[in-house]
Structures are given as C-alpha cells and as structure tokens.
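Peer 1: Listed below, chain by chain, are the residues.
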Amino acid sequence: MKQTLKKIWQWVDERTGLAEMIGPQLTHLVPHDARWWYVFGSATLMCFSLQIVTGILLAFTYVPSGGQAYESLQYITNQQPFGNFLRAMHFYGSSAMILMAVIHMVQVFIFGSYKYPRELNWATGVMLLGMTIVMGFTGQMMRWDQDAVWTFVVAAEQAGRVPLIGGWLGKFIIGGDTEGGSTLTKFFAIHVFIVPGMILAFIGLHLQLVLKNGISEPPTPGKKVDPKTYREEYHQLMEKTGVPFWPDAAWRDAVFAIALLFAIMFCAWFFGPPALDDPPDPSLYNAIPVPDWYLMWYFAVLALMPPAIENVVMVFGPLLAGLLLLSLPFVSGTGERSWKRRPWAVASVLGGAVLIGVLWLAAVEHRWSPHFTEDPLPVEVVGATEGPVAEGAKIFHDRGCINCHRIEGHGGFRGPELTYVADKLGDSQLILRIANGGGAMPAFASIIHADEMAKLIAFLDTRKHEVKN
Amino acid sequence: MTEKTNHSPEPRVASPELLSRRAFLEKLMFVLSAIGTVAVSIPLLGYVLSPIIKRDPQVWRSVGKVDDFKVGTVTAVAFVDSQTLPWDGLTNKTGAWLRRDSDTEFIAFALTCTHLGCPVRWMGDAQLFMCPCHGGVYYKDGSVAAGPPPHPLPRFDVRINGDQVEIGTAPLMIQRG
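Protein chains in written order, with numbering that gives the first Met the number 0: chain A, 0 to 468; chain B, 0 to 176.
Certain hints may be false.
What the hints assert, rightly or not - For the chain A half of the interface with chain B, some residues (derived, Cβ under 8 Å), not all of them:
1) Ser-181
2) Pro-279
3) Pro-288
Said to hold, decoys possible - Non-contacting residues of chain A with respect to chain B, defined by C-beta distances greater than 12 Å in every case (computed):
4) Ala-346
5) Arg-366
6) Trp-367
7) His-396
8) Met-440
Stated by the list, open to error - So, partial list: chain A residues that the calculated Cβ filter (under 8 Å) puts toward chain B:
9) Val-152
10) Gln-157
11) Gly-166
12) Ile-173
13) Asp-176
14) Glu-178
15) Gly-180
16) Arg-398
17) Asn-402
18) Ala-453
19) Ile-456
Please keep in mind that the hints were generated in silico from the structure rather than gathered at the bench.
All values reported here derive from a predicted model rather than from experimental measurement.
For every residue, glycine included, the Cβ atom is placed at its ideal position computed from N, Cα and C.
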C-alpha cells in the first residue's frame with residue numbers, strides 16, 4: 000500500500016515538478032530563535048481559511064436579497080442543523096482574524112521587523128489589515144436586520160461628508176435614492192467576491208515577500224540594520240544557525256493555530272452568533288446601529304470629537320491613519336531594531352492601546368446617549384408619595400430629565416448628576432438652566448409650564464445633603 | 000541527423016529590423032489592451048454607476064386619514080418608496096415623524112439624525128426628538144436642541160389630498176460636508 004502510494008506520487012511529481020516547486024520554500028531556513036512570538040501571522044491565515052470555508056457554507060443557504068436575507072438568516076440560526084454554530088464560527092472567526100492581524104502587526108512593529116529589507120512586507124500587511132476591517136464591516140451588513148439597515152444609512156451619511164463626491168458616494172452605498180433590494184446585493188458581492196479576492200492576492204504577495212526576505216531574526220540591542228550589509232549578514236546567520244521552517248518552526252504555528260481554532264469553536268458553541276435584531280424595515284426607528292466590538296472605539300471618536308473638526312476627522316482620519324501606518328518603514332527603515340533601544344516605539348504601542356481601550360470603554364457605556372427606558376424614580380429616592388415633590392419627581396421622569404440626569408443611581412449620564420444639585424444651585428439658578436438650556440441641554444422654557452416648573456423645582460430642592468444639627 | 004526541438008537551434012541575430020519590430024509589437028500590445036479595456040469599461044461602469052445617476056421621481060404616498068392625527072401630536076408613519084423592486088421585501092419602506100400643527104398644517108420629519116443618520120425617536124412628554132447614537136436632541140419643530148447635529152431635522156413634503164395626508168417621497172437625506 001505504502002509502496003503503491005509512493006509510486007503514484009512519484010508518477011505525479013515527475014510530471015508536475017511539485018516537490019521541486021514547494022520543497023525549497025517549505026524547508027527554507029528560518030532563525031532558530033524565532034519562537035512563539037512568530038505565530039500570529041500564520042494564525043491570521045488560519046482564521047482567513049476558516050472564514051472562507053464557513054463563509055462559503057453560509058452562502059449555501061443565505062439569500063442575499065433585501066426581502067429574504069432576514070428570513071434565511073432566521074432559518075440558518077433557528078432551524079438548520081449546526082446553522083447557529085456556523086454563523087457563530089463565522090463571527091468569532093472574523094473577530095479572531097482581526098485580533099490576530101493586530102497582534103501580528105504590533106509584534107512586527109515592536110521587533111523592528113518592518114525595517115530594511117521588509118518595508119513592503121509591512122506595507123502589504125497594512126493593506127491586508129485594512130481589507131480585513133472592510134470584511135468585518137461589510138459582514139456586519141450581511142446580518143441583514145434593523146441595525147444593518149441603519150448601518151447602511153450611517154455609512155452613507157459618513158460618505159456624504161467627503162468633499163464634492165460625497166452625495167454620489169452615499170447614493171452608491173445605499174444603491175439608489177432610498178434603501179431597497181439593490182442595497183444588500185452589491186455589498187454581498189463586495190463581501191464575498193471583491194474583497195476576499197483582493198485579500199487572496201495580497202496574501203500571495205505577502206508570503207512571497209516573506210520567502211524572498213526571510214523571517215526576521217529576533218532583534219539584538221545595539222545591532223543596527225544597515226542596508227549595505229544586512230542581507231549578507233542575514234544569509235550568514237541562516238547558514239550558521241538557521242533551521243528549516245518545516246518542521247522545526249512550523250510545528251509552533253500549527254499548535255497555536257489549532258489552539259485558536261478550538262478557542263473559536265468554544266466561543267461559537269457556548270456564546271452563539273450575534274442575535275438577530277428586528278426585521279430590516281427602514282421605517283422602524285428603534286434601532287441603535289452600533290459597530291461590532293473591533294470598531295466600537297471609533298463609535299466613541301464620532302461621538303466625542305468637537306463638531307468643528309468632525310468633517311475633517313470622518314473623511315481624512317481613516318485615510319491619515321492608513322497613510323501613517325504605510326509610511327512607517329519609509330520613515331524609520333534602518334537602524335536600531337530592539338524595543339529596548341526604541342522607547343518611542345514602545346510608548347506609541349502602549350499609548351495607542353490605552354487610547355483605544357479608553358475610547359472602547361467609553362463607547363460601551365456610551366454615556367453621551369440619553370437613556371430611553373428609565374423607569375420613574377422609586378418612592379424611597381423621591382421621599383414623598385404625594386404633593387409637589389412627588390409630582391415634581393414625576394415631571395422629572397416624564398419630561399425626559401431622567402434620560403440624561405442621574406439621581407441616586409437612576410437615569411442617564413449625558414448631563415450632570417443631580418443627586419445633590421440643591422447643594423450647589425438655588426431656585427432661580429435652577430429655573431434659569433432648565434428654561435434656557437445650554438451646551439448639551441435643550442431649553443425647556445416652552446416645554447415645561449410655570450406650574451410644572453414650580454413642582455420640578457420643589458423636587459430638585461430636596462436633592463441635597465441632609466444638614467445635621 | 001538534426002535533433003528536433005521546439006527551440007530554434009541557434010539564437011537569431013538581433014538585427015535592427017528585428018529590434019524595431021519587437022518594439023512595435025510591444026507598443027501594439029499596450030495600445031490594443033488599452034483600447035479593449037476602455038471599450039469594455041464604458042458599459043460596465045455605466046452598469047455599476049447607474050444607481051448614482053438615476054433619480055427616482057417624487058410620488059405622493061398616503062399615510063392615513065387627516066382625522067387620524069390629532070393637532071399637536073407627532074406620529075410615526077411609514078410609506079412605500081418611489082421606486083421598488085420585486086425582491087425589496089420590507090426594505091421598500093421609509094419612515095417619518097408626522098406632526099399635525101393645525102387643522103390644515105402637517106410637518107413630516109425624516110427619521111435620520113443630521114449628525115450621522117441614526118433614527119431619532121420622538122419623546123412625546125418631553126416634546127423632543129432624541130437620537131440614540133451620539134446624543135443629538137431636536138425640538139418639536141426639528142431645530143437642534145443639543146448635541147452634535149449640524150442641521151435641523153430634514154423634512155418631507157406633505158399635502159392634504161381629500162381626506163388623506165400624503166407624503167412626497169424623497170431620496171435619503173444625506174448631509175453634505
């Protein structure tokens with residue numbers, strides 16, 4: 000049996016030259032000390048392969064039609080055997096792919112591996128990260144529910160800020176004057192044909208560059224990259240201490256990739272796919288189109304930046320971020336590689352992580368949004384069941400004050416907390432603020448009538464620290 | 000006996016005529032490819048960009064009887080878009096907040112916040128439109144009360160036709176930068 004298989008292989012190989020073609024690439028020499036820090040690129044590739052498989056299988060059932068996508072998603076989720084699991088795999092696979100790509104990029108940056116001769120390894124990697132994020136965003140659109148319908152509107156509105164062609168871009172995104180059957184179909188084609196095709200092409204290029212330039216050796220402090228001597232030194236190093244990629248290095252990639260695969264399967268099995276929201280009816284208004292977790296921090300950027308710079312940030316922000324990343328190896332393509340001698344590199348990674356982390360937390364809480372579903376204040380907070388104070392508390396709820404102002408743990412965060420407002424503001428100051436508004440607060444002069452105002456003030460007057468005698 | 004091969008037995012001498020012939024053939028390939036690309040691109044681009052160029056005509060859609068709306072109230076209404084496709088399903092609809100100002104006056108606000116297009120909600124008791132995304136707030140006349148929105152809420156055309164309130168369809172109201 001073994002002999003027969005060997006003969007068949009020899010017959011095929013003699014006619015195709017496969018062994019000659021793949022062998023040297025598979026066994027090319029890599030640094031012997033490139034260990035667990037070097038597994039994130041191949042892990043990203045594993046995620047992408049998984050996305051292709053699960054994506055194609057979802058397309059077996061998914062109907063990319065404005066009218067039926069939602070129903071086909073419900074069928075996949077609720078009726079098809081393993082459909083729920085498959086949707087979840089595709090979701091957690093995409094999450095893992097973005098996570099791995101970012102970790103891979105940070106590792107390459109910290110190790111200074113983007114420097115000569117690997118500038119284009121870095122540049123193609125940045126392009127791949129961009130395409131991966133486009134895949135994530137368009138994938139969220141494929142989840143064709145009420146939130147997705149409004150995500151298209153938000154995307155069109157953002158595109159509308161582009162100078163000159165903004166209106167056309169917006170129209171292109173929603174596929175005409177209004178949303179409809181032609182909105183989803185185009186993005187389906189983009190999500191399953193155009194961008195994956197581009198990613199495949201760029202992965203080919205990226206891997207070709209890895210083979211051509213070799214896997215970078217872990218940096219040694221004080222050993223600087225000099226384009227005149229680097230290639231020769233690298234060659235000598237590999238001849239002396241290099242090990243064949245297959246299997247000496249590849250086993251770590253395999254172990255990590257399989258562990259990651261199991262982590263994705265675990266999440267998919269126990270947490271399931273993102274829930275489907277209400278049906279994709281653009282006339283429903285109870286949607287809160289929020290990006291998936293990896294772009295959540297950007298949601299905070301859009302909410303928190305000053306309106307004056309908004310157009311510039313929305314249009315040029317992503318562009319500038321991309322250009323900054325792309326330009327990195329062309330700005331610092333030589334010299335020191337070790338993070339121990341590159342304090343600014345370490346600081347920028349930490350700074351970036353803290354910035355994104357803080358924005359992300361802010362977006363999760365999104366305190367800038369009014370709370371729409373606050374119950375009336377309970378009696379123990381109000382301290383009265385009838386009379387002007389109780390009525391004032393009711394007005395505080397009914398007129399929407401509670402949506403933005405917090406009292407003893409009840410209410411929104413948009414405006415200042417009012418638990419002890421009477422400590423700071425007297426009646427006339429309160430009335431002035433409520434009537435005139437200002438900043439982020441509407442003017443309530445025409446909304447709250449004089450008698451209601453008196454009750455509301457009566458209630459707010461009780462909001463102070465008790466004076467102990 | 001001469002060996003049969005696919006290759007010429009000896010490299011040809013690159014005469015000046017041959018070199019200029021090669022240069023010509025290279026140019027020819029470029030020019031032909033360019034012509035082919037342009038020729039095929041025109042209809043393809045036309046196909047892709049047609050949704051941008053096409054403009055749907057305005058049609059009037061009834062959203063209910065005049066008497067269904069009380070003066071001073073704001074009601075969520077839905078109507079079918081101007082142009083529809085057989086596979087639109089639910090997506091052929093657009094919503095609006097319809098406000099009856101007096102016996103004869105109606106205002107129809109778009110749902111789309113002018114900040115980034117999230118759907119605003121009418122808070123009846125507070126007499127405010129609030130956006131769930133970034134904290135935009137509008138007064139009952141659609142003017143900005145608070146938050147990031149740069150413009151008042153956009154409006155649809157409204158008319159009374161017999162006993163029906165009708166809204167004029169309009170493209171998605173994209174705010175220009």
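Peer 1: Does the claim that A:His-396 lies outside the interface with chain B hold up, using a Cβ gap greater than 12 Å?
Peer 2: 9 Å, violated
Peer 1: May I ask you to test the interface hint for A:Glu-178 with respect to chain B, counting a Cβ-Cβ separation under 8 Å as satisfied?
Peer 2: At 5 Å from the nearest chain B Cβ, A:Glu-178 passes the 8 Å test, so the hint holds.
Peer 1: Given a cut of 8 Å on the nearest C-beta pair, is the interface hint for A:Ser-181 held or broken against chain B?
Peer 2: 6 Å, holds
Peer 1: Please check whether A:Gln-157 passes as an interface residue: C-beta within 8 Å of a C-beta belonging to chain B.
Peer 2: 6 Å, holds
Peer 1: Say whether it holds or is violated: A:Met-440 keeps its Cβ farther than 12 Å from all Cβ of chain B.
Peer 2: 6 Å, violated
Peer 1: Could you check that no beta carbon of chain B comes within 12 Å of the beta carbon of A:Arg-366?
Peer 2: 9 Å, violated
Peer 1: Restraint: A:Val-152 near chain B, CB-CB cut 8 Å. Satisfied or not?
Peer 2: 4 Å, holds
Peer 1: Should the hint that A:Gly-166 touches chain B count as held when the rule is a Cβ pair under 8 Å?
Peer 2: Holds: closest Cβ of chain B sits about 6 Å from A:Gly-166, inside 8 Å.
Peer 1: Just to be careful: measuring from the Cβ of A:Arg-398 to every Cβ in chain B, is the smallest value less than 8 Å?
Peer 2: With a minimum Cβ separation of about 5 Å from chain B (threshold 8 Å), the hint on A:Arg-398 holds.
Peer 1: Holds or violated: A:Pro-288 as interface residue toward chain B, Cβ cutoff 8 Å?
Peer 2: 6 Å, holds
Peer 1: Against chain B, run the beta carbon of A:Pro-279 and see if the smallest gap drops under 8 Å.
Peer 2: 6 Å, holds
Peer 1: Are A:Ile-456 and chain B close enough, Cβ to Cβ, to be under 8 Å, as the hint says?
Peer 2: Cβ of A:Ile-456 sits 17 Å from chain B, so the hint is violated.
Hints 5, 6, 7, 8, 18 and 19 from the earlier list are contradicted by this structure; the remaining hints agree with it.
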